[in-house]
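Visitor: This is what each chain is made of:
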Amino acid sequence: MKVSQLYTDLQQNEDQIRLIYANCSDLVYRSFIIEGHTKAILIYIDGLSDSAGIEKNVICPLMQEVNGKPYEIGELAERKISASQTKPFTTFEECVEYLSNGLPILLQDHEATGLALGLNKWEMRSIEEPVAESGIRGPREGFTETLRINTSLVRRIVKSPLLKMDSMKIGGYTQTNVVIAYIEKLVDITLVEEVKKRLERIQIDGILESGYIEELIEDMPLSPFPQLLTTERPDVTCASLLEGRVAIMVEGTPFVLVAPITLISLMQSPEDYYQRFWVSTAMRWLRYLFTLISLMLPSLYVATLSFHQEMVPSSLLISMAASREAVPFPALVEALIMEVTFEALREAGVRLPKQIGSAVSIVGALVIGQAAVQAGLVSAPMVIVVAITGISSFMIPRYIAGIAIRLLRFPLIFLAGSLGLLGIMMGVIALVLHLCSLKSFGVPYLSSLTTTRLWELKDVMIRAPWWMMDTRPHLTGKFNKYRQPKRKPRPKRSE
Amino acid sequence: MKIALRICVLVFILVLLEGCWDRTELNDLAIVTAMSFDKAEDNQIITTVQIIVPQNQGGGGMSGAATSGAPHKTTIRSGVGINISDSLSKLQRIIPRKMFWGQCKIFIFSEDVAKAGIKDEFDFLMRHPQPRERAFVFVSKEKAAKTLEMFPPIERSSSEVLRKLTELKIGINVTLEQFSIMLKGDAEAAALPLVYILPKAEYAEPFQTIPYIMGTALFKKDKMVGQISEKTTRGVMWIINKIDDYTVTFEMNGKDDFVSIKPVNAKVKLLPKIRGDKWMMEIQVRATGDIIQNGTDLNPMNPKLLKKMESAFEKDINTRIKLAIQEVQKQKKTDILGFANAFHRKYPKQWEKNKDRWDVLYPQVKVTIDVTASILRPGLINSPGGIPIGEVQQK
Chain A
7 MKVSQLYTDL
17 QQNEDQIRLI
27 YANCSDLVYR
37 SFIIEGHTKA
47 ILIYIDGLSD
57 SAGIEKNVIC
67 PLMQEVNGKP
77 YEIGELAERK
87 ISASQTKPFT
97 TFEECVEYLS
107 NGLPILLQDH
117 EATGLALGLN
127 KWEMRSIEEP
137 VAESGIRGPR
147 EGFTETLRIN
157 TSLVRRIVKS
167 PLLKMDSMKI
177 GGYTQTNVVI
187 AYIEKLVDIT
197 LVEEVKKRLE
207 RIQIDGILES
217 GYIEELIEDM
227 PLSPFPQLLT
237 TERPDVTCAS
247 LLEGRVAIMV
257 EGTPFVLVAP
267 ITLISLMQSP
277 EDYYQRFWVS
287 TAMRWLRYLF
297 TLISLMLPSL
307 YVATLSFHQE
317 MVPSSLLISM
327 AASREAVPFP
337 ALVEALIMEV
347 TFEALREAGV
357 RLPKQIGSAV
367 SIVGALVIGQ
377 AAVQAGLVSA
387 PMVIVVAITG
397 ISSFMIPRYI
407 AGIAIRLLRF
417 PLIFLAGSLG
427 LLGIMMGVIA
437 LVLHLCSLKS
447 FGVPYLSSLT
457 TTRLWELKDV
467 MIRAPWWMMD
477 TRPHLTGKFN
487 KYRQPKRKPR
497 PKRSE
Chain B
8 MKIALRICVL
18 VFILVLLEGC
28 WDRTELNDLA
38 IVTAMSFDKA
48 EDNQIITTVQ
58 IIVPQNQGGG
68 GMSGAATSGA
78 PHKTTIRSGV
88 GINISDSLSK
98 LQRIIPRKMF
108 WGQCKIFIFS
118 EDVAKAGIKD
128 EFDFLMRHPQ
138 PRERAFVFVS
148 KEKAAKTLEM
158 FPPIERSSSE
168 VLRKLTELKI
178 GINVTLEQFS
188 IMLKGDAEAA
198 ALPLVYILPK
208 AEYAEPFQTI
218 PYIMGTALFK
228 KDKMVGQISE
238 KTTRGVMWII
248 NKIDDYTVTF
258 EMNGKDDFVS
268 IKPVNAKVKL
278 LPKIRGDKWM
288 MEIQVRATGD
298 IIQNGTDLNP
308 MNPKLLKKME
318 SAFEKDINTR
328 IKLAIQEVQK
338 QKKTDILGFA
348 NAFHRKYPKQ
358 WEKNKDRWDV
368 LYPQVKVTID
378 VTASILRPGL
388 INSPGGIPIG
398 EVQQK
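First to last, the sequence lines map onto chains A and B. Per our numbering, residue 7 is the first one in the first sequence, and the count goes up by one each step. Per our numbering, residue 8 is the first one in the second sequence, and the count goes up by one each step.
Keep in mind the hints are simulated off the structure, nothing from the lab. Certain hints may be false.
[Stated by the list, open to error] Quick look at which bits of chain A chain B covers, simulated, 3 or more residues with Cβ under 8 Å:
| no. | segment |
| --- | --- |
| 1 | 304-314 |
| 2 | 329-337 |
[To be verified] Sample of chain B residues lacking proximity to chain A, with all beta carbon distances greater than 10 Å (derived):
| no. | residue |
| --- | --- |
| 3 | Gly109 |
| 4 | Lys148 |
| 5 | Leu277 |
| 6 | Val367 |
[Claimed, not checked] Chain B side only, calculated, beta carbon under 10 Å to chain A, not exhaustive:
| no. | residue |
| --- | --- |
| 7 | Thr31 |
| 8 | Gln64 |
| 9 | Phe107 |
| 10 | Trp108 |
| 11 | Met133 |
| 12 | His135 |
| 13 | Gln137 |
| 14 | Arg282 |
| 15 | Lys285 |
Heads up, the beta-carbon is just placed ideally off N, CA and C, and yes, glycines get one too.
Required output: the full structure, derived from the provided sequences and hints.
Guide: Below you can see the structure in the form of structure tokens.
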């Protein structure tokens with residue numbers, strides 16, 4: 007795009023802008039005369055600018071007829087216009103950029119310089135509690151769709167000027183603002199460069215959500231596992247920044263991306279760090295257990311029921327046999343029917359308006375559960391297995407990781423139904439191999455689990471109490487190793 | 008990328024092609040809970056299996072099962088053949104589902120079969136991959152199939168009754184694996200619990216009773232050679248150190264005053280000795296227990312009287328063991344007491360030389376018994392309950 011300078015003639019400038027914004031009914035052209043001698047025009051997009059502020063701070067003072075010599079446009083800004091921000095520009099390209107960001111522009115006759123006024127203001131959602139990541143203890147603020155609010159939320163927590171926020175624009179038509187946030191001297195600078203390099207590589211027509219960016223910059227695009235953390239919470243973002251990670255904030259979405267991550271960071275809930283460490287450790291283990299259950303319980307059930315009947319205790323096997331007696335399907339088909347039904351119910355629950363939500367749960371619980379068992383279509387133990395599995399997948403704090411694991415249990419069910427425990431073993435080995443080869447921005451996905459530094463496990467196997475959390479995770483925080491000096495849990499006695 | 012795709016397709020095809028080859032639905036299995044062996048004419052064998060009837064188990068979300076009285080939870084079927092495998096293949100013809108013995112925890116031989124020798128049957132049970140090595144083995148005094156053909160009022164099946172009784176460890180319990188070890192051991196002798204059928208209560212419906220365990224069958228090589236009573240079995244259990252949570256009742260002062268001790272905890276050691284030609288065995292018993300019933304007028308809080316009680320306790324154990332030795336060693340001459348193993352362990356060289364003579368040596372082994380018994384706690388009360396304080400003998 008060739009750069010075209012503004013004309014000195016006001017009419018010519020106006021015509022040019024009208025040409026650029028042909029058929030755009032939301033543009034407002036307000037021509038007036040500055041102090042009774044110079045023609046001028048104010049252009050803005052309706053709804054993106056503060057029209058009350060424009061009237062009060064720009065048009066009113068300028069139109070007041072005071073006899074005197076005409077001002078230059080720079081002088082005008084200094085003397086007359088009481089807007090907080092004014093930016094002079096000389097090209098039509100800049101003019102379009104300012105306009106599309108909601109800044110009103112002021113053009114004056116006989117001047118090849120325009121003035122953009124910082125009076126952009128549009129309707130936005132207020133800060134609310136994050137829906138997908140709610141918790142009992144911890145801040146209840148969530149990011150919103152407005153990038154500047156999001157950056158301010160982060161800046162409010164990390165006040166150090168070392169918190170850097172590089173910005174860039176991605177998307178041919180949307181020109182979406184993207185901010186790369188990191189804490190200097192904490193972060194590996196090559197990581198920041200890598201993130202920027204990958205972002206610059208994107209040549210897409212539009213970015214509507216951070217999900218676009220996530221898929222375009224991850225290391226292994228075919229993996230079912232998320233390789234960037236998505237969060238709506240400023241506290242999670244800041245905690246990641248303090249561990250030497252990089253946050254990518256995208257205009258128009260409350261979901262911020264964090265890179266690099268490990269498998270374990272998907273299992274860590276922000277609440278873990280606010281509760282007492284005993285509780286957090288116990289909850290973490292419960293989560294690990296139920297992650298395994300969510301992945302393997304249906305397949306284990308199918309495998310034992312159709313291959314390894316001798317593994318089940320006698321009385322349990324007999325009651326399972328009794329409940330399966332009327333079921334016409336093989337265990338594999340039964341499991342698939344129920345699992346797919348559950349997934350459908352879950353998906354429907356997300357889509358349905360809130361008012362109908364309770365109706366769905368009644369249908370789900372009564373029809374699918376009770377009636378299907380009574381009709382002899384599925385057995386009661388299978389309903390229990392599916393219910394436990396369904397609930398356990400929601401114990402994973404990251405929704406997206408939960409879905410990944412829920413999806414993976416379908417191939418495992420197939421393997422269990424065809425090869426029994428052997429098949430499950432094959433599936434699990436394949437899964438572990440994949441996880442071992444997976445990397446997120448160069449950091450191995452299992453790095454915090456498979457480390458030789460035992461103390462790295464302080465935030466994996468347990469949640470060490472804060473007075474013991476003295477180091478940052480090694481692979482992202484090695485440039486500034488210590489969070490705090492080692493300290494004793496109690497105040498000194500003499501104090 | 009391409010390779011990954013190819014591997015995916017390959018795995019998918021692999022999974023589909025092999026077509027669930029080993030899969031058996033639970034609905035297609037006849038779950039066998041017990042199996043028994045009887046003798047038929049012409050030296051043939053009758054194999055009887057007890058099968059769970061899943062429809063009648065109740066509680067599985069099934070309705071309508073409660074009509075026409077209590078439905079039987081198990082059923083039995085029998086097949087006759089030259090040996091077990093033959094009879095089993097014939098048995099399968101009259102069972103519409105595939106027999107599954109993964110849960111079969113009871114094997115019962117009838118006395119006839121046991122006396123004729125169970126080498127063949129045993130080979131099958133150990134060789135075939137399906138039977139569990141940890142299943143319990145019994146000898147039935149009556150027709151073995153009869154012990155399976157009953158519907159116990161409490162447990163799900165008669166096999167369940169036998170398993171639970173065994174797990175109480177009142178008599179000896181022997182699994183398939185242990186039985187195999189016994190038969191292959193130095194002594195070449197084995198003991199199996201004997202099963203009787205409890206006479207049914209008068210009000211009970213036909214077949215509504217249970218099998219129970221009483222006494223022990225003695226095996227030499229693979230043949231049953233005799234049986235010992237329940238009382239002797241206890242003595243044997245003392246010697247083989249299987250006494251556990253068991254009540255000992257003995258007489259005090261030679262009067263009709265009895266004292267009961269429970270739980271009896273005992274450590275028994277077999278200490279073999281060879282002096283020249285003489286083979287000797289010292290049985291060292293260290294037993295402890297609490298008083299649960301005191302029929303005497305002695306106050307056990309007095310150390311002197313307690314000592315008296317303890318020596319009576321010791322004497323009682325001594326008699327029990329002697330009785331067992333007398334019967335098992337001198338009369339039946341079967342070494343189910345583990346003497347052979349003890350000698351083998353301590354005197355491997357002498358054993359090597361004499362192991363062929365063990366049959367002759369065993370009845371001549373001189374047994375000495377050394378019992379130390381102590382009473383640890385007198386129970387909740389000190390002096391005997393039920394008599395005035397004045398009449399309690401304090402000293």
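Visitor: Give a verdict on every hint.
Guide: Structure-based check of all given hints:
1. Figure legend: the segment 304-314 of chain A, annotated as covered by chain B; annotation consistent (3 residues with Cβ-Cβ distances under 8 Å, at least 3 required).
2. Only residues whose C-beta sits within less than 8 Å of a C-beta in chain B count toward coverage, and the segment 329-337 of chain A has 7 of them, enough to reach three; the restraint holds.
3. For Gly109/B, the non-interface assignment is contradicted: its Cβ lies about 3 Å from the closest Cβ of chain A, within the 10 Å cut-off.
4. Listed as outside the interface, Lys148/B is consistent with that label: its C-beta sits roughly 26 Å from the nearest C-beta of chain A, beyond the 10 Å cut-off.
5. Interface exclusion of Leu277/B from chain A stands, the closest Cβ pair being 36 Å apart, more than 10 Å.
6. Non-interface call for Val367/B relative to chain A: holds, since the shortest CB-CB distance, roughly 45 Å, exceeds 10 Å.
7. With a cut of 10 Å, the hint placing Thr31/B at the interface with chain A holds, because the nearest CB-to-CB distance is about 7 Å.
8. For Gln64/B, the suggested interface contact is upheld, since its CB lies about 4 Å from the closest CB of chain A, less than 10 Å.
9. For Phe107/B, the suggested interface contact is upheld, since its CB lies about 6 Å from the closest CB of chain A, less than 10 Å.
10. For the restraint placing Trp108/B at the interface with chain A, the shortest Cβ-Cβ distance is roughly 8 Å, inside the 10 Å limit, so the hint holds.
11. The beta carbon of Met133/B is not positioned within 10 Å of any beta carbon in chain A (closest approach about 17 Å), and the interface hint is therefore violated.
12. Interface restraint check for His135/B: the shortest CB-CB distance to chain A comes to about 13 Å, outside 10 Å, so the restraint is violated.
13. Using the Cβ-Cβ criterion of 10 Å, the hint placing Gln137/B at the interface with chain A is satisfied: the shortest such distance is roughly 8 Å.
14. For Arg282/B, the interface hint is violated, the least distance from its beta-carbon to any beta-carbon of chain A being 52 Å, above 10 Å.
15. Among the interface hints, the one on Lys285/B is violated; its C-beta lies about 51 Å from the nearest C-beta in chain A, farther than the 10 Å criterion.
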